[in-house]
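Residues per chain, in single letters:
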Amino acid sequence: MAEVEERDFKCLRCSAVFKLTYTKGVMQERQCPKCGSNSVRIEKKQEKTSAPDTGKTG
Amino acid sequence: MDVGRHPNIRLLTYSKVESIKGYVGNFQVEVLKKARYVDENQCTACGDCAKVCPVVVPDEYQQGLSSRKAIYIPFAQAVPSASLIDMNSCLGTNPIACGKCADKCDKKCIDYDAKDEKIEFKVGTVIVATGMDVFDPTSLEEYGYTKYENVVTSMEFERLLSAGGPSDGHFIRPTDRQRPKTVGFIQCVGSRCEKIGRPYCSNICCMNTIKDTLLLKDHYPDIQAKVFYIDIRAFGKGFEDLFKRSKEAGVHYVRGIPGEITEDPQTRNLKVLVEDTTSNKIEEHEFDMMVLSVGVTPRLDMPEVQQLLTLSKTPDGFFMEAHPKLKPVDAPSIGIYFAGCAEAPKDVKDSVTQASAAAARAETLLSAGKVKLEAITSTLNTDLCHYCASCAKVCPYGAFTVDPKKKTISYVEALCKGCGTCAAECRFGALTMKHFTDEQLITQIDAHLAEKPNEKVIVFACNWCSYAGADTCGGARLQYPPNQRLIRTMCSGRVDEKFILHAFKKGAPMVVVSGCHYVDCHYIDANRWTQKRVEKLWDKFDRWGIRPERLLLEWISAAEGQRFQKTMQDIEQLRKKVTKEEIEHTIKVLTEEEERTKKKK
Chain A
1482 MAEVEERDFK CLRCSAVFKL TYTKGVMQER QCPKCGSNSV RIEKKQEKTS
1532 APDTGKTG
Chain B
689 MDVGRHPNIR LLTYSKVESI KGYVGNFQVE VLKKARYVDE NQCTACGDCA
739 KVCPVVVPDE YQQGLSSRKA IYIPFAQAVP SASLIDMNSC LGTNPIACGK
789 CADKCDKKCI DYDAKDEKIE FKVGTVIVAT GMDVFDPTSL EEYGYTKYEN
839 VVTSMEFERL LSAGGPSDGH FIRPTDRQRP KTVGFIQCVG SRCEKIGRPY
889 CSNICCMNTI KDTLLLKDHY PDIQAKVFYI DIRAFGKGFE DLFKRSKEAG
939 VHYVRGIPGE ITEDPQTRNL KVLVEDTTSN KIEEHEFDMM VLSVGVTPRL
989 DMPEVQQLLT LSKTPDGFFM EAHPKLKPVD APSIGIYFAG CAEAPKDVKD
1039 SVTQASAAAA RAETLLSAGK VKLEAITSTL NTDLCHYCAS CAKVCPYGAF
1089 TVDPKKKTIS YVEALCKGCG TCAAECRFGA LTMKHFTDEQ LITQIDAHLA
1139 EKPNEKVIVF ACNWCSYAGA DTCGGARLQY PPNQRLIRTM CSGRVDEKFI
1189 LHAFKKGAPM VVVSGCHYVD CHYIDANRWT QKRVEKLWDK FDRWGIRPER
1239 LLLEWISAAE GQRFQKTMQD IEQLRKKVTK EEIEHTIKVL TEEEERTKKK
1289 K
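Chains A and B, in that order, are what the protein sequence lines are.
Numbers 1482 to 1539, taken from the numbering used here, label the letters of the first sequence in order.
Numbers 689 to 1289, taken from the numbering used here, label the letters of the second sequence in order.
Hint data in this document are derived by calculation from the structure and do not stem from the laboratory.
Do not take every clue at face value.
Partial chain B-side listing against chain A, Cβ under 7 Å, derived [unchecked claim]:
(1) Y1206
(2) E1237
(3) D1258
Below, in silico cross-link-like pairs of lysine-lysine (BS3-like), each with a Cα-Cα straight-line distance of 30 Å or less [to be verified]:
(4) B:K1228 / A:K1505
(5) B:K969 / B:K959
(6) B:K1220 / A:K1491
(7) B:K1186 / B:K1140
(8) B:K1194 / A:K1491
(9) A:K1515 / B:K883
(10) B:K1001 / A:K1500
(11) B:K1276 / B:K1265
(12) B:K810 / B:K788
(13) B:K969 / B:K883
(14) A:K1491 / B:K1186
(15) A:K1505 / B:K1194
(16) B:K1186 / B:K1095
(17) B:K1228 / A:K1525
(18) B:K959 / A:K1515
(19) B:K1224 / A:K1505
(20) A:K1491 / B:K1265
(21) A:K1525 / B:K721
(22) B:K1254 / A:K1500
Not close to chain A: a few residues of chain B, all C-beta gaps over 10 Å, as computed [unchecked claim]:
(23) E718
(24) Q912
(25) F927
Positions of the beta carbon are idealized from the N, C-alpha and C atoms, including for glycine.
Turn these sequences into a full structure, and let the hints guide you.
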């Protein structure tokens, strides 16, 4: 049985952070509970944050 | 019975399909016909062998409520009407430990040396009618199934009431073998319950219980019957009438599901506490016997069948049809059809309807003698192939067979449905999609971004859902920003990483990849690869210092015009936040990255 865990996800459309169930190796359709976007990405807290682009994001 | 006698039907019972290879019109099937140890053509089903057999085991057909012998006929109407030996229970044939059945058989049709037989044949189409299992309520401890003997499942109840059942049709309760005076039925056991991962309605249990109560009242009018339900789904022809008849016969229906069953240790009677949601009162009921109306579950061996035919499953675990409305009988792969509960829980009438439709669909295909295939398929250039097998990994239809060691690849174009996922995954350019070639799609991107690219949003939309969703949006006069440029692909799986990067390199501030929702994917599971690809790109963007927020993934169905509008409006707001400097930086990074990759090659 694959291990099901709750992980933090971030919506790339509205920046909302929320918890969803996650099973390693299992593809799931995920949706942001706030804006309904599917551009939902697992939060990688341990990793270094991405290098800033140009520092200017509008 | 008719099937067994039909001159054009070859019935292989007690057999297992080991492999199915090929495609429509050319399926090569390998079947393992298990040894029965009884010559089914000679056996007259007299039953003399079973009478002398000393081995007694629980009878599966009777739900374990009675016993059978090691040599037995599975059930009265079994086809063929012949005995078989259950070698797991038999005392042994090597050496022969008992041999009583062979001694007793006048026709001498028992052969202890019989062997399993492999049969191979070709078929043009395949109908999957593998049926279903019923839910095992043992895990629901609150109902005390197996803990309290007088709690039975609807299947066991059916056998107890049957003339051919373990009590010869005399309805008795298991503990004292007396006729019960009160019987309670609990509906939706193993159905419509998110908690146990079975959120779907099993379709048949309401009517099965109504039928059972009518049978009970018909046989024993003095028995009191109560049914506990969430709601009664009597939606078919004549079903409401049956429900009314049940109520008129005196069956009491209580809208509420008991939380627990407890047993009185003295009387072995069962007590339930339930909230009647029509009166909002808590009621206590006592019964001689409780029947759990168990739901339908996918068969345990479904994964094997799924692998044999490269089929897809719905979240419920049943097989997924090609289209829920337009192709409810067809599997996504051409020449494969569904009948009965393999596709979804359904009653006898619906199963017969679907089976007839499946037979007609298969017959139409076979009598035509030829099939029309997709014009949009992938083409393979073996000269460029590196036998990495990524195409075989992603193809939802199993059109590719690759042996990386032997450096061979076989591609059956007849199996290709044209999603283009293989072309998107192939890193060596060995696969091309007809009508959606790399050149064609890149030319579209170039054309869209030829002028004022920083004001445009490139939206890759799949033909069946997102592109149709945009159409729905337009048809409903819902306005969305005019600077969004849609590029149609048959499936979002066709959207190659290089198309996305090309759009960014050409100055696009935002790129959207959109496709069908998971359950709607017209190419079984091709859009899962889209998601994987986009997720990988987000990681790459992190490394390259590009904001991943500029690449969005959206699932939009054909009916979701409003969702399309809202998504595009939101994206326009995000586009406005992308600065010129950011776009220039992206172009620089991607150009450097491209040069680095070229140097590596």
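To see whether the hints hold, each was checked on the structure:
1. For Y1206 of chain B, the interface hint holds, the least distance from its beta-carbon to any beta-carbon of chain A being 4 Å, beneath 7 Å.
2. Because the smallest distance between the Cβ of E1237 of chain B and any Cβ of chain A comes to about 5 Å, under 7 Å, the interface hint for this residue holds.
3. At about 6 Å, the closest approach between the beta carbon of D1258 of chain B and any beta carbon in chain A falls short of 7 Å, and the interface hint on this residue holds.
4. Of the pairs offered as hints, the one joining K1228 of chain B and K1505 of chain A holds, with about 20 Å between alpha carbons and a cut-off of 30 Å not exceeded.
5. Between K969 of chain B and K959 of chain B, the direct Cα distance comes to roughly 16 Å. Compliance with the 30 Å bound is thereby established for this hinted pair.
6. A threshold of 30 Å between alpha carbons decides the hint, and for K1220 of chain B with K1491 of chain A the separation of about 16 Å falls inside it, so the pair holds.
7. Under the criterion of a C-alpha separation no larger than 30 Å, the hint pairing K1186 of chain B with K1140 of chain B is consistent with the structure, at around 21 Å.
8. As the CA atoms of K1194 of chain B and K1491 of chain A are separated by approximately 28 Å, the hinted pair is consistent with the 30 Å bound.
9. Between K1515 of chain A and K883 of chain B, the direct Cα distance comes to roughly 24 Å. Compliance with the 30 Å bound is thereby established for this hinted pair.
10. Our distance criterion of 30 Å between C-alpha atoms is met by K1001 of chain B and K1500 of chain A, whose separation comes to about 26 Å.
11. For the suggested pair K1276 of chain B and K1265 of chain B, the alpha carbons sit about 19 Å apart, so the restraint of at most 30 Å is met.
12. Between K810 of chain B and K788 of chain B, the direct Cα distance comes to roughly 40 Å. Violation of the 30 Å bound is thereby established for this hinted pair.
13. About 25 Å separates the Cα atoms of K969 of chain B and K883 of chain B, which keeps this hinted pair within 30 Å; it holds.
14. About 25 Å separates the Cα atoms of K1491 of chain A and K1186 of chain B, which keeps this hinted pair within 30 Å; it holds.
15. About 36 Å separates the Cα atoms of K1505 of chain A and K1194 of chain B, which puts this hinted pair outside 30 Å; it is violated.
16. A hinted pair counts as satisfied when its Cα atoms are at most 30 Å apart, and K1186 of chain B with K1095 of chain B qualifies at roughly 26 Å.
17. The hinted pair formed by K1228 of chain B and K1525 of chain A meets the criterion: a straight-line CA distance of about 14 Å does not exceed 30 Å.
18. A hinted pair counts as satisfied when its Cα atoms are at most 30 Å apart, and K959 of chain B with K1515 of chain A does not qualify at roughly 45 Å.
19. Restraint check: the Cα-Cα separation between K1224 of chain B and K1505 of chain A comes to about 15 Å, which is no more than 30 Å; the hinted pair holds.
20. This hinted pair checks out: K1491 of chain A and K1265 of chain B have alpha carbons roughly 19 Å apart, not beyond 30 Å.
21. For a cut-off of 30 Å, the pair hint linking K1525 of chain A to K721 of chain B is broken: about 53 Å separates their Cα positions.
22. Proximity of K1254 of chain B to K1500 of chain A is assessed by CA-CA distance (about 24 Å); at most 30 Å being required, the pair is judged to hold.
23. Once the 10 Å rule is applied to beta carbons, E718 of chain B is consistent with being away from chain A; the minimum gap is 30 Å.
24. Non-interface status of Q912 of chain B relative to chain A is upheld: no Cβ of that chain comes within 10 Å, the nearest being about 43 Å off.
25. The non-interface label for F927 of chain B is consistent with chain A: the shortest C-beta to C-beta separation is roughly 34 Å, beyond 10 Å.
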